[in-house]
Amino acid sequence: VKFAYYPGCSARSTCAELNEATHLVAARLGLDLLQLDSATCTGARELRAIDPVGFFTLNVRILALAEREGLPLMTICNTCTLNVLDAHAAFLDDPDLAATINARLAEEGLRYSGRTRISHFLWVLYEDIGEARLRMLVKRPLSGLTVAAFYGCHITRPPQRYKFVDSRNNLALERLAEILGCRPIDYSGRTECCGFHTAAHDERIAIKLTGEHIQSAKAKGATTMVTPCPLCHTVLDGFQREIERDVGKVLDMPVLHLPQLVGLALGLTPRQLRIDRHMVKFDPRATIG
Amino acid sequence: VVSDTLLPGEARQLGRRENHDTLAARNTRLTAGDPITVRVRRADGLAEFHVPYRKWMRVLDALNWIAENAASDLAYRWFCGSKMCGTCAVRVNGREVLACWEAVEPDMTIEPLRNLPVVRDLIVDRAPYERKVAELEPWLERPRPYESFPEPLSHRQMKNASKALDCIGCMCCYSACPVISLGNLTDFAGPAPIVQLGQTALDPRNDATKVARSLKLTGIFNCISCYKCEEVCPASIPIVSGVIEPLKAKAAALVPEMARHSMALRSIVATRGYVDPSALVLRLRGITALLDLPRALRLLVRRKIDPVKTFWKRKTPASDAAARYLGREHQP
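Chains as they are written, first to last, in the numbering used here: chain E, 233 to 521; chain U, 44 to 375.
Just so you know, these hints were derived from the structure itself, not from any lab. It should be emphasised that the depicted structure is a prediction, and the values quoted were computed from it without experimental measurement. There may be inaccurate statements among the hints.
Computed list of lysine-lysine pairs in DSSO-like fashion (alpha-carbon distance at most 27 Å, straight line) [claimed, not checked]:
hint: 1; chain 1: E; residue 1: K481; chain 2: E; residue 2: K513
hint: 2; chain 1: E; residue 1: K450; chain 2: E; residue 2: K481
hint: 3; chain 1: U; residue 1: K259; chain 2: E; residue 2: K440
hint: 4; chain 1: U; residue 1: K352; chain 2: E; residue 2: K513
hint: 5; chain 1: E; residue 1: K440; chain 2: U; residue 2: K175
hint: 6; chain 1: U; residue 1: K98; chain 2: E; residue 2: K395
hint: 7; chain 1: E; residue 1: K371; chain 2: E; residue 2: K513
hint: 8; chain 1: E; residue 1: K395; chain 2: E; residue 2: K371
hint: 9; chain 1: E; residue 1: K452; chain 2: E; residue 2: K440
hint: 10; chain 1: E; residue 1: K395; chain 2: U; residue 2: K126
hint: 11; chain 1: U; residue 1: K253; chain 2: E; residue 2: K395
hint: 12; chain 1: U; residue 1: K253; chain 2: U; residue 2: K202
hint: 13; chain 1: E; residue 1: K450; chain 2: E; residue 2: K440
What the simulated footprint calls covered on chain E by chain U, stretch by stretch (three residues with Cβ under 8 Å from a Cβ of chain U suffice, anywhere in the stretch; the number is not a length) [to be verified]:
hint: 14; segment: 261 to 271
hint: 15; segment: 328 to 340
hint: 16; segment: 360 to 370
hint: 17; segment: 375 to 389
hint: 18; segment: 397 to 410
hint: 19; segment: 422 to 428
hint: 20; segment: 509 to 517
In this text, a Cβ means the ideal position worked out from N, Cα and C, and glycines have one as well.
Could you build all of it, start to finish, from the sequences and the hints given here?
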């Protein structure tokens, strides 16, 4: 299966290991990725708030780039995923907006007709690879790992995009963890917010909120956390030292990107998956039951 | 393609059906006469009751049954019973709902809303919310007299304000908000007061000076965009995308110093095409960002920061595209 691939800003800077791991794992899964190098940032939460037209233009442009290649779009970041989903919905909902954006994109010879299928890597595993094939590809079941799945927000809320009455019912990551041979656990932070989006101007919210989530995961026996979002990863892993200082406890909770967890089960080494770039050390011996 | 793959769109909803998170599943889970276990948070802990299920039974019906048959001193609020007065909000199994609009569950724990002082049992004190709303001056003040009658006003201009006007002030969102749960850590006013403000602040006829004064009291840029509020809103108001974000846009125009973070991110994207997190942090915190040297070194060792990239802006196809669409002539 071939995808137009949009890594986003975080996977090309702070979480560069995610981009490397995704390419490796995709190759093992038989996914052919065409990275959209001329794609811009989707605008995070900031651009969409203060400059809606700019926001929609950049996002529809990404969708148009995929459409030009005739490929579905694969994302690996929650916030990017929601941004392109929202832009796609607004494009279909508002013909005036659609016309304005297409007129601007025409400068570059681009045009969007509303046909690009958008899929996060997590959904690609279920919808394009499939559970049976994934089970076949698992070379090294991760029976030693007790995993706390951390969904984050934008992959399961708002309800008008994902149709959950209560997003805590989302099971996609836990089921995947089982397929890969790990033991998933239930804890209070599963679908809570890491607080990333205000962290650039004030880290305190992120530190306080995420401190509770990691402590809850630890209390329920998790030995590793996994997240489908590099922004959540930045807080969970990158801020963990500051969180430890805030809660006055050693947490020492390794946090994996979703493709890294899949990669470990497919037989790739932590080094290949660049887990050594994380702030909290991950002990590969922990994967063996 | 193997036949066990899910259909496009199904994976993002995994768990909905499995956990009976659909209306159809909820309505078939109980039949008349089934016992429901209800635990209610009271001053002395959780009190357990067994309520016989009646067809179409709501959480409010269960509370009424308890008050009539088991605990006449149970304190809870309700008035209209039809999703209009906004007084009966409680938390059922950890989720904020209107007692009058929620089907009972076979096993449920009913608690008062969070983030507000409890008066007794399920009744909370709404005073903190009401004080904040009054402070925000949520009314329409015209800078000029009426120009004509009827006033020209389009649906498009009122799109967001009219959604905010659906608010019944039930406090579900206020209880669900994680930033509010952190107490006075930030100056964030919380979703409910901000929606109340949005009803008039998003009205194009309102006086900009007054709106600016109100916005300064909201701490609106401390919203973390988690959508917890939207998830529980019984009126289905798009609180983040339809109220908070349009108000942020207003703040960026009227009180630019509030929107420093958003404007810095925009200008970084406009020149680089993507966000360099270090550049953003440096722009927002200035030299103080460098003061925590041990942290910077730790990040550097793991190559989480890349000073070369941060200080040396490269021209790329992405930066060209961003300049084209966010450049000077496209300032909002």
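Each hint, compared with the structure:
For the hint pairing E/K481 with E/K513, the CA-to-CA distance comes to about 17 Å; that is within 27 Å, so the pair holds. For the given pair, E/K450 sits about 12 Å from E/K481 by alpha-carbon distance, which is consistent with the 27 Å threshold. Proximity of U/K259 to E/K440 is assessed by CA-CA distance (about 24 Å); at most 27 Å being required, the pair is judged to hold. Restraint check for U/K352 and E/K513: the C-alpha separation of about 26 Å stays at or below 27 Å, so the hint holds.
Under the criterion of a C-alpha separation no larger than 27 Å, the hint pairing E/K440 with U/K175 is consistent with the structure, at around 24 Å. Our distance criterion of 27 Å between C-alpha atoms is met by U/K98 and E/K395, whose separation comes to about 26 Å. The hinted pair formed by E/K371 and E/K513 meets the criterion: a straight-line CA distance of about 23 Å does not exceed 27 Å. Straight-line distance between C-alpha atoms of E/K395 and E/K371 comes to about 35 Å, which puts the hinted pair past the 27 Å bound.
Our distance criterion of 27 Å between C-alpha atoms is met by E/K452 and E/K440, whose separation comes to about 19 Å. At most 27 Å may separate the alpha-carbon atoms for a hinted pair to count; E/K395 and U/K126 meet this at roughly 21 Å. For the hint pairing U/K253 with E/K395, the CA-to-CA distance comes to about 38 Å; that exceeds 27 Å, so the pair is violated. Between the alpha carbons of U/K253 and U/K202 the distance comes to roughly 21 Å, so the proposed pair stays at or under 27 Å and holds.
Restraint check: the Cα-Cα separation between E/K450 and E/K440 comes to about 16 Å, which is no more than 27 Å; the hinted pair holds. With 3 residues having a Cβ less than 8 Å from any Cβ of chain U, the segment 261 to 271 of chain E passes the three-residue criterion, so the hint holds. Taking a C-beta to C-beta cut-off of 8 Å, the segment 328 to 340 of chain E contributes 3 residues in contact with chain U, enough for the three needed, and the coverage statement holds. Note: the segment 360 to 370 of chain E has 6 residues with beta-carbon separation from chain U under 8 Å; the three-residue rule is met and the coverage holds.
With 5 residues bearing a CB less than 8 Å from a CB of chain U, the segment 375 to 389 of chain E meets the requirement of three and the coverage assertion stands. Under the rule that three or more residues need a Cβ within less than 8 Å of chain U, the assignment of the segment 397 to 410 of chain E holds, with 9 such residues. Coverage of the segment 422 to 428 of chain E by chain U holds. Counting CB-CB distances below 8 Å, 4 residues qualify, and the rule asks for three or more. Check result for the segment 509 to 517 of chain E against chain U: holds, 3 residues qualifying (beta carbon to beta carbon below 8 Å, three or more required).
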